[in-house]
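Heads up: the sequence lines are chains A and B, in that order. Read in order, the letters of the first sequence are residues 1 to 441 in the working numbering. Read in order, the letters of the second sequence are residues 442 to 556 in the working numbering.
The hints are simulated quantities; they were obtained by calculation from the structure and are not laboratory data. Please read all numbers here as calculations on a predicted model, not as lab measurements. Please note: incorrect hints may appear among the correct ones.
Computed spacing ranges between beta-carbons, pair by pair [what the hints assert, rightly or not]:
#	chain 1	residue 1	chain 2	residue 2	range
1	A	Gly66	B	Ala497	35 to 45 Å
2	B	Ile502	A	Arg26	19 to 29 Å
3	B	Ile543	A	Ala73	30 to 40 Å
4	B	Thr464	A	Pro79	48 to 58 Å
5	A	Phe70	B	Ile502	13 to 23 Å
Glycine included, every Cβ here is placed at the ideal spot set by N, Cα and C.
One letter stands for each residue in the lines below.
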Amino acid sequence: MNPESLLTSRRRSGLETEAEFTRWVRQVVKGAAELQAFEAGQIDAVMDAGTNRAVLSPLARTALQGSNRFVRALLDALPVEACVLDAAGTVVTTNRAWRTFVDAGAGAGLGVREGANFLAACSDAIGIERAHATAVARGFRKVLAGVRQEYSRQYVCSGRIGYWTCTLTIAPIISDGVIHGLITRENVRAIRDAGAPRGVRPTNAGASAAMSRARTRNRLLATLPDKEYERLLSFLEPVKLRYGQVLYEPGERIEYVYFPIDCPVSLLSVVDGDQSLEVGLVGAEGMIGTPLALGGTTSSVRALVQGNGTAVRMHAEHFQKRLKRSPALRRALLKFIGELMMQVGQNAACNRFHVMEKRLARWLLMMRERLASSSFYLTHGFLADMLGARRESVTVSAHKLKRQKLISYNRGNITILDRRGLEAACCSCFQQIKIVAPESG
Amino acid sequence: MTRKNAMTRKKKKARSPDTSLATVVTLRLYVAGRAPNSVMAIANLQAICQQYLKGAYKLEIVDVCEQPRRALADGVLVTPSLAKVSPAPSSNIIGNLSDTGIVLAALGLNSAAAS
Chain A
1 MNPESLLTSR RRSGLETEAE FTRWVRQVVK GAAELQAFEA GQIDAVMDAG
51 TNRAVLSPLA RTALQGSNRF VRALLDALPV EACVLDAAGT VVTTNRAWRT
101 FVDAGAGAGL GVREGANFLA ACSDAIGIER AHATAVARGF RKVLAGVRQE
151 YSRQYVCSGR IGYWTCTLTI APIISDGVIH GLITRENVRA IRDAGAPRGV
201 RPTNAGASAA MSRARTRNRL LATLPDKEYE RLLSFLEPVK LRYGQVLYEP
251 GERIEYVYFP IDCPVSLLSV VDGDQSLEVG LVGAEGMIGT PLALGGTTSS
301 VRALVQGNGT AVRMHAEHFQ KRLKRSPALR RALLKFIGEL MMQVGQNAAC
351 NRFHVMEKRL ARWLLMMRER LASSSFYLTH GFLADMLGAR RESVTVSAHK
401 LKRQKLISYN RGNITILDRR GLEAACCSCF QQIKIVAPES G
Chain B
442 MTRKNAMTRK KKKARSPDTS LATVVTLRLY VAGRAPNSVM AIANLQAICQ
492 QYLKGAYKLE IVDVCEQPRR ALADGVLVTP SLAKVSPAPS SNIIGNLSDT
542 GIVLAALGLN SAAAS
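With the rest of the complex left out, here is chain A (with noise of 0.2 Å):
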C-alpha cells in the first residue's frame, strides 16, 4: 500500500471537530479496509504524510488529555516531592508535594515552579549547595543524553526553614519520541537531626553538614572554640582536590589557605627548577599556606596534593583579617608551624644521614597516618621526587619491604601489609614525627 497515493490532501487544521474529522480522512483515505475500520470508530490515528505526523482523532485525544490528567493525579498522589523537566530544564510539571515543598523553602534546595528553568535554578546555588547544585545540573544532562539510566545524589540544602538534606534522584521519560526527566526529592531531614555540633545555628548562611564534617575532620579547626568556628564558617568553602593537583608553586602569591580532611599535601623544595624534593607532609592535623600566618604573601614551596579527597578553604584577605581578631585561630595556627618546622628539621637530617630503605619506609608510615589508610597510589618515580632519589633506588628499596611482606605493589597501588614490622623497619625519625602528628582516628 502506497501512502501517498492513499493521501489526496495534507492539510491538517481545521479537525478539531469529529465531523472535520471524518470529512478529512474521507477525502485523504481511500482503503476500503482502513474506511470500514474507521466507519466502525476503531481507528485512532490517520498519518499526515504532508507534516509526517499522526493526526489523532478527537476521541483519541480526549482520551490521551484525560489520561493526562490521571498521570498529573497520580503523580499528586505520590508521597515523593516530583517534578518533570523537559530537555532544556524547563519545569514542566510538579506534583503537590514538591508545590508544598516549594512553598516552604521559599526557593531554597533547587525548589523551582512550574515554568522555572531547574539548570538556571542549579547555576544560581550559593554557598555550601553550589557544588551540589552543579554536579546535580551535571548529572541531569548525563540522563538525558542517555549516558547515565539513573543520577541519585545526596543533596544539602539551606533555606528559610533551616539546613536540610534529601536524596534526589533524576530518572528518564520517554514519551511521544520526546524525552523529560523525573525529579525525585526524598529523605527530607534536618542536619541537626544528624548530629550537627553544638554551637552551629543552622540559620547561619554558609553554614553546612559538610562545614560540619570538616571541622570534626580538620583537627586545627576541630581545637577552635565554637564562637570562633562559628564566625569562620562563612569564610570557608568546601573543595575537592585531585591527586597531582599542585595548590601553589615557590613564589607565587598564596590566594587561598586550604585546611586538608582527606587528602595530606606535599611540601617541596625546588632546586634548580627541576629537582624537588619533599620537605613537609600535612594532612588533617593543619593549614596549607603557614606563610600567612608568619606575615608572608607568597609561597616559598610547592604544595602538592597527594591523593583525591575534600578541604576547606578560605580566601587569604579574610584568613588575614580573622588572624588578627582571633587569639584563638593565632594560638592553633602557632602550635601547629612549630610542630611543622620540627618535621621540616626532621626531614633534613633524615634526607642527609639515613638510607633510602627507611626513609621510604617512614615516609609510607607518614602517608598512611594522614591519609587514614593502608593503600595508596604511587609510582615510583612520583616516590623519587618526593624523597630526593633516583627512581631506581626507590624501586630497589621498595623491593627490599617487599620482600619483607611490610608492603605490597602493583603498578602503583602500595599498600602497607604489616604496619608493626614497617615501623620496625624504618628510621627513629618518625617516631620523632608521629608525636608531633598523633595518629588520626
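Knowing the structure of chain A, use the given hints to seat chain B on it.
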C-alpha cells in the same frame, strides 16, 4: 519393511507437527500511544498470540506518535494496524482486533482456531 524401520518412520511423523509449531510468527502492531483503540488492539492481540501461538511469535509494537516516519515508510496510513511480517504470505489487519476470527484468518491460523 522391518519393524525397526517402521518405528523410525513413525517417530518422524510424530515430529512434523512440532516443526510447524516452532515456526516463529513475526508481527508488527502500529498504535497511537495509549489511545483507546490502540490499547484494545494490544490487549486483543496479546490474548490471541498467547492462546494460539503459545510463545512462538515475535511482536513489535510501533507507536506512530513516536515514530511517524517509520509508519509512513512501512506504508501504514491508519492505526491501530497489524502487519504479519513473516512467514509469507504477509497480511494486514486494520482496527482494534476485537474480531478474533478475522485476526486468525489473516494470520493463517484458521485450522488452529477450529481445533
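Structure-based check of all given hints:
1. A/Gly66 - B/Ala497: 35 to 45 Å: Holds, at about 37 Å.
2. B/Ile502 - A/Arg26: 19 to 29 Å: 28 Å, holds
3. B/Ile543 - A/Ala73: 30 to 40 Å: Cβ of B/Ile543 to Cβ of A/Ala73: about 37 Å, so the range 30 to 40 Å holds.
4. B/Thr464 - A/Pro79: 48 to 58 Å: With Cβ atoms ~50 Å apart, the hint holds.
5. A/Phe70 - B/Ile502: 13 to 23 Å: Holds - the Cβ-Cβ distance for A/Phe70 and B/Ile502, about 21 Å, lies within 13 to 23 Å.
When each numbered hint is compared with the structure, no violation occurs for any of them.
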